[in-house]
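Participant: For the protein sequence lines, the chains are A and B, in the order given. Basically the working numbering = 1-based index in the first sequence + 3. Basically the working numbering = 1-based index in the second sequence + 8.
Incorrect hints may have been included.
[Stated by the list, open to error] Listed next, the in silico DSBU-like pairs over lysine-lysine satisfying Cα-Cα at most 30 Å (straight line):
id, chain 1, residue 1, chain 2, residue 2
1, B, K23, B, K88
2, B, K81, B, K192
3, A, K14, B, K192
4, B, K45, B, K81
5, B, K45, B, K23
6, B, K192, B, K88
7, B, K88, B, K30
8, B, K81, A, K44
9, B, K126, B, K23
10, B, K163, B, K88
11, B, K81, A, K14
12, B, K163, A, K14
[Said to hold, decoys possible] Selected chain B positions facing chain A (Cβ under 10 Å, derived; list incomplete):
id, residue
13, M39
14, A72
15, P107
16, I111
17, R112
18, Y156
19, D158
To be clear, the hints were calculated from the coordinates, so they are not data collected in a lab. No residue lacks a Cβ here, since even glycine has one placed at the ideal position from N, Cα and C.
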Amino acid sequence: MGLVKVYVTYKESILDPQGEAIKSAIHGMGHTSINDVRMGKYFELNVDNNVSDIDSEINLICDDLLANPNMETYRYEILEDAE
Amino acid sequence: MKFAVIVFPGSNCDKDLYFAIKDGIHADVEMIDYRSKSLDAFDAVLIPGGFSYGDYLRSGAIAAHAPIIETIKRMSALGKPIMGICNGFQILTEIGLLPGALIRNRQNRFICETVDLKVKNNQTIFTNEYEFDQTLSLPVAHGEGNYYCDISTLKQINDNNQIIFRYASDINGSIDNIAGIINKAGNVLGMMPHPERALEEMLGSDDGLKLFQSILKSHMNRVNL
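Full structure from sequences and hints, please.
Facilitator: Following this line, the structure appears as structure tokens:
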């Protein structure tokens, strides 16, 4: 089985109020060197090894469900033969 | 005229909408399960507010893949009136019947209050009973009502007069204070405020009633042509 790790985040142009709230909590802890926090979503997809075009399949899943292209962007990595 | 109110797991304004039609404008209405695949008997579709699928993943994202959605898209292509309120608006953007998206309120808090908005286009099947620029007092109740679209989409919806309602002041960070938009064809409306909760003066405002009356009147005018 292969493992695909998908990361979805807001686009740079979108204000992330949850990220802002987390940032101010971090600053409250005294870690004032943290300049910016962006919060995102992380997915692990276990995939059959015999999928012929994994990239187009993952892109379809991301575009149609996991991310909303209006406001979010995603990237993914494919780990072959993950246990 | 017969209305369908779509009920998803987690819808919670479905009964308000049902009574808005039944007792507000005295038209036929039925609650329709999200697993249904036919809406042949209906003239209009209403998608209620609430938290479909618990807002898992993103508001409206899972509902966008429910069995009823393909049928709603076909109804839209036929030009039938489709209105989504609050979570219904979020679902309509997720399925691409309306442009843009609803993101988290800028202040990062759920807002539950009555706000003023202005009617910016009264030449639609949803708003013809209102005056242009009329101020409406309607309840809002949302955590993710901050309307966002990119600049080119914003120009398009402005140029096509698709912005139907604007908040009188900035309540959640929505671009250009957008509270409700319509599709280019003019048969799909999405709005964050709740007209179905403003049908009686006794309950604070009856400013929502004319929206439902507009839909009914437009339908009758078409039928009587």
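Participant: Now tell me, hint by hint, if it's right for this structure.
Facilitator: Against the structure, the hints:
no. : hint           : result
1   : K23/B - K88/B  : 22 Å, holds
2   : K81/B - K192/B : 15 Å, holds
3   : K14/A - K192/B : 26 Å, holds
4   : K45/B - K81/B  : 11 Å, holds
5   : K45/B - K23/B  : 21 Å, holds
6   : K192/B - K88/B : 13 Å, holds
7   : K88/B - K30/B  : 19 Å, holds
8   : K81/B - K44/A  : 29 Å, holds
9   : K126/B - K23/B : 26 Å, holds
10  : K163/B - K88/B : 26 Å, holds
11  : K81/B - K14/A  : 28 Å, holds
12  : K163/B - K14/A : 20 Å, holds
13  : M39            : 27 Å, violated
14  : A72            : 8 Å, holds
15  : P107           : 8 Å, holds
16  : I111           : 6 Å, holds
17  : R112           : 5 Å, holds
18  : Y156           : 6 Å, holds
19  : D158           : 8 Å, holds
The structure does not agree with numbered hint 13 stated previously, though it agrees with all others.
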